[in-house]
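*Asks:* Residue numbers for the sequence shown follow this note's numbering, so the first one is 694 and each next one is one higher.
For the record, the hints were derived by calculation from the structure and aren't laboratory data.
Note that the structure is a prediction, hence the values are computed from the model and not measured.
Just so it is clear, CB atoms sit at the ideal spot from N, CA and C, and this is done for glycine as well.
The reader is advised that the hints may include incorrect statements.
Simulated crosslink set (BS3-like; lysine-lysine; CA at most 27 Å straight-line) [what the hints assert, rightly or not]:
#, residue 1, residue 2
1, K959, K1005
2, K1498, K1456
3, K985, K1024
4, K1546, K1265
5, K1535, K1069
6, K965, K933
7, K959, K985
8, K1473, K1406
9, K794, K1005
10, K1483, K1498
11, K1535, K1266
12, K832, K1005
13, K1198, K1215
14, K1473, K1483
15, K1498, K1323
16, K1383, K1032
17, K1555, K1238
Beta-carbon label-pair distances, calculated as ranges [unchecked claim]:
#, residue 1, residue 2, range
18, E1545, Q1397, 45 to 51 Å
19, P1446, N755, 55 to 61 Å
20, R1061, N958, 36 to 42 Å
21, D928, K1383, 45 to 51 Å
22, G1412, G993, 37 to 43 Å
23, N958, T766, 56 to 62 Å
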Amino acid sequence: MRAAVIFLLLSLSLFACTNSATTSSESFISKEISENWTFRQTNGERAGKAQVPGTIHTDLMNNGLIEDPFYRTNEKNVQWIDKTDWEYSTTFVVSNDENNKENQELCFKGLDTYADVYLNDSLILQTDNMFRNWEIAVKGIAHEGENQLRLLLHSPINRGLAFLEKSAYPYPAANDQSENGGLGDKKVSVFTRKAGYHYGWDWGPRLVTSGIWRPVYFNAWDSGRIENVFIMQPDVTAQKASLVASVTFSANKESDVEVTIYQDNKKITSKKTKAIPGENQLELPFTISKPKLWWSNGLGEANLYTFTTQLKINGNVFHSISTQTGIKSLKLVRTPDDKGESFYFELNGVPVFAKGANYIPNDNFLPRVSRQQYEKVISDAVDANMNMLRVWGGGIYENDYFYELCDEQGIMVWQDFMFACSMYPGNEAFLKSVAAEAKDNIIRLRNHPSIVLWCGNNEIDAAWQYSNEHGGWGWKQRYSTQQRDEIQQAHLAIFHDILPSAVEKYTDGDYYWPSSPMSGDKPNQHSNYTSGDVHYWGVWHGLHKFSEFETNIGRFMSEYGFQSFPAFETVKKYALPEDYSIESEVMAAHQRSGIGNLRIREYMSWDYNVPTDFEQFLYVGQLLQSRGIKAAIEAHRRAMPFCMGSLYWQINDCWPVASWSSTDYYHNWKAMHYMARKAFMPVIISVFEKEGQITFTAASDQLQNIDTELEIKIIDFAGTELSKMTVPAQINANSATLLKTISKQELTGNSNPAHIALVASLKSNGKTLADNIFYFVPPKDLVLEKPALKVSVSEENGDKIIRLKSETLVKDIMLYVPDAQLAFIDNYFDMLPNTEYSVSVKTTMSAKELSEKLKFRDLSMK
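The whole structure should be built from the sequences, with the hints applied where relevant.
*Replies:* Structure follows, in structure tokens:
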């Protein structure tokens, strides 16, 4: 059967092989080859219709040949898939016009991973890197009419085992769950340039995919085309942006060429040159007066410019593409001071406290991540007052749409290269593959204003240290001196030569950081608290108390975290009632941290009464996570400007699981995400107890000082005001300000600390800028009454408005509807006595139906 082929002028294509957002001309033709694909197991046992882009696992699911690996313990039943070879095939038609074009190519935006590609039975390509963009000339192999395209995808596990057998020693790979894949201790992920999390992690399953995971195109054109356009920004001020359009184009033969740059259909510069056969490069300087600068979320508008580049060859227009970027000046400020060396981002001259989270892929099966899911995770970040996400190195270089959303929403991106928690080979073929991968992805992503840092890897420098060094994992100690030298040389080649050289060559001065965490950019500048960035895992792995977030603060906190399970409504999607115990086989399969349940229980026992009821345990577990990360974020913000970044681990999940995430696999907000929104507000008031003293500190992102009043009230749980004081204060711009210190005894007086709360508020011009509720004892010691809630539900402007009131304090109220997952505008909050709270929610339910189905949990329940 002939494949239906999507015909597009590249002006409509997001994935053109020219590495630009849009492109068009009468000469340049592109067809996405996406339909009528089939797959088969090479031994003939299984076959079916395929979806491209896709993966073998999702194709097997769609054809009813396996059950959903995310459901219950099905993951363990599909481990055979990655040890099998698979063939994908389709046909596509080349028209007479396309066949007469001087140039023809097949472009594969992503092949996972070891593929032999045949066109009309001619082997045209062999691939070995999931992260590469592959372009292959097919003029003379493709022909007019129907063409057959066939891909043989070799087992990544079998290829990895073959590499391991040839290796003189195994390489450390901390999160390769080889045992779950039936390989014992044979960790093969390090040999294959593929998403590391596919091999398992301590929050993800082992599902080692194969497939055509990004689009395939047939392209045809005459004379020449634009390969890529890079808008360089050598000098940007508020008065003038001096820019350079670096245009790479190809020509079939020596030609007279004119390249023109337009902005808003207005010609802004043009240059003529004599092109040579093959690749050519031309630089076109231009300026923009009083540019609209790109700002991060909270500091200003994320202004974007679109530039159109037109290529004329011998007087005729052959190609044009559009490039979107933002104009900004950026510095990674590392200045020695009396404590060490600063580490913060300065955007358009403004020091920015980075507020955000680490980001992992949204699914183990990448092609099924929709545009709506990307929009949701970025809107979740924006709604939580974040301005940065770290794209973590065990996943993928994300789709263009992810970065476009970050550009539009002002979310800065810390971009890891895809290396994490492993040492890697140093043979020539591997290093060449890494260099090509870096080039492909830097060129693809470099115009995005959101990217503010390229980082070599995740935690490898720390892992390679001796265990007696600060934070060292002790990997060096496993090897002989010769082996250490060999592994170290490969490490230096990748992270201190190939990757920084690529960033230097293909960007105009972007910053490179060898590993996260590190204290400097030279080898052996290991992580510390006075310079560079820090991953602090004393809380969780080290059983440190939450209060120790206060004493373990670095210049930039790029990882820290605490686990929780998803809400019960999410658990019901992957478990049955007989599974409703965190120690059940199913719940254990969806808890990938070996110490996870023990840690949650132990930490919970310190601060909460540990529930025996399963649903209440899940609920209290989320409160525990939120409590811990609130302590961390506030500690980091109190330490401004010594500390200038707080990125918790992690914002999202790749499957339904117990993890460190603040939103679950279905992008439902956990208690922690609601908390993060408040803790990351532009202005906060933080209340902290230490050695019998209560401190009141304001942290502000605002660029002006703020005159305010600090109001401190002590109330009992019936709402009686026991004391009140008001303190005039000025909050310093873009910093933290200690406003007041009072002894605990003075505040509590003769009251029972288990019966009272402190309410701190910052007020300016009659408005509340920020508030916080502080308790003098842990939640388990609070004397809480079962509340008698007054509830009403109405409809206003299409939203349902829930109004809540109680005569007594309600601690950590959770609103939910059984068998539904609703996005309440607020949740898991404390209700002060005799105060009305309004919570809106979008739902198709009527107000009456919502009122009848609405349920509540709070901490008075056991």
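*Asks:* Evaluate each hint against the coordinates.
*Replies:* Checked hints:
Only pairs whose Cα atoms come within 27 Å are accepted, and K959 paired with K1005 is accepted, the gap being roughly 17 Å. Of the pairs offered as hints, the one joining K1498 and K1456 holds, with about 23 Å between alpha carbons and a cut-off of 27 Å not exceeded. At roughly 18 Å between alpha-carbon atoms, K985 and K1024 fall within 27 Å of each other, so this suggested pair holds. Under the criterion of a C-alpha separation no larger than 27 Å, the hint pairing K1546 with K1265 is consistent with the structure, at around 18 Å.
Among the hinted pairs, K1535 with K1069 is consistent with the structure: their alpha-carbon atoms are about 15 Å apart, no more than 27 Å. The straight-line distance between the Cα atoms of K965 and K933 is roughly 25 Å, inside the 27 Å bound, and the hint therefore holds. Between K959 and K985, the direct Cα distance comes to roughly 17 Å. Compliance with the 27 Å bound is thereby established for this hinted pair. For the given pair, K1473 sits about 22 Å from K1406 by alpha-carbon distance, which is consistent with the 27 Å threshold.
A hinted pair counts as satisfied when its Cα atoms are at most 27 Å apart, and K794 with K1005 qualifies at roughly 17 Å. In summary, the hint linking K1483 to K1498 is supported, as the alpha carbons are separated by about 5 Å, within the 27 Å threshold. Note on K1535 and K1266: the hinted pairing holds, with a Cα-Cα distance of about 22 Å set against a maximum of 27 Å. Taking the CA atoms of K832 and K1005, the gap is about 23 Å. The hint holds against a cut of 27 Å.
About 19 Å separates the Cα atoms of K1198 and K1215, which keeps this hinted pair within 27 Å; it holds. Restraint check for K1473 and K1483: the C-alpha separation of about 25 Å stays at or below 27 Å, so the hint holds. Using a Cα cut-off of 27 Å, the hinted pair K1498 and K1323 holds, with the two alpha carbons roughly 25 Å apart. Proximity of K1383 to K1032 is assessed by CA-CA distance (about 23 Å); at most 27 Å being required, the pair is judged to hold.
Among the hinted pairs, K1555 with K1238 is consistent with the structure: their alpha-carbon atoms are about 24 Å apart, no more than 27 Å. A beta carbon spacing of about 49 Å between E1545 and Q1397 agrees with the range 45 to 51 Å that was offered as a hint. As the Cβ distance of P1446 to N755 is approximately 59 Å, the hint placing it in 55 to 61 Å holds. Between R1061 and N958 the C-beta distance comes to about 38 Å, which sits within the given range of 36 to 42 Å.
Separated by about 47 Å at the C-beta atoms, D928 and K1383 satisfy the suggested range of 45 to 51 Å. Between G1412 and G993, the C-beta spacing of about 41 Å keeps the proposed range 37 to 43 Å intact. Range check, N958 to T766: Cβ separation about 59 Å, and the 56 to 62 Å hint holds.
Of the numbered hints given earlier, the model fails none.
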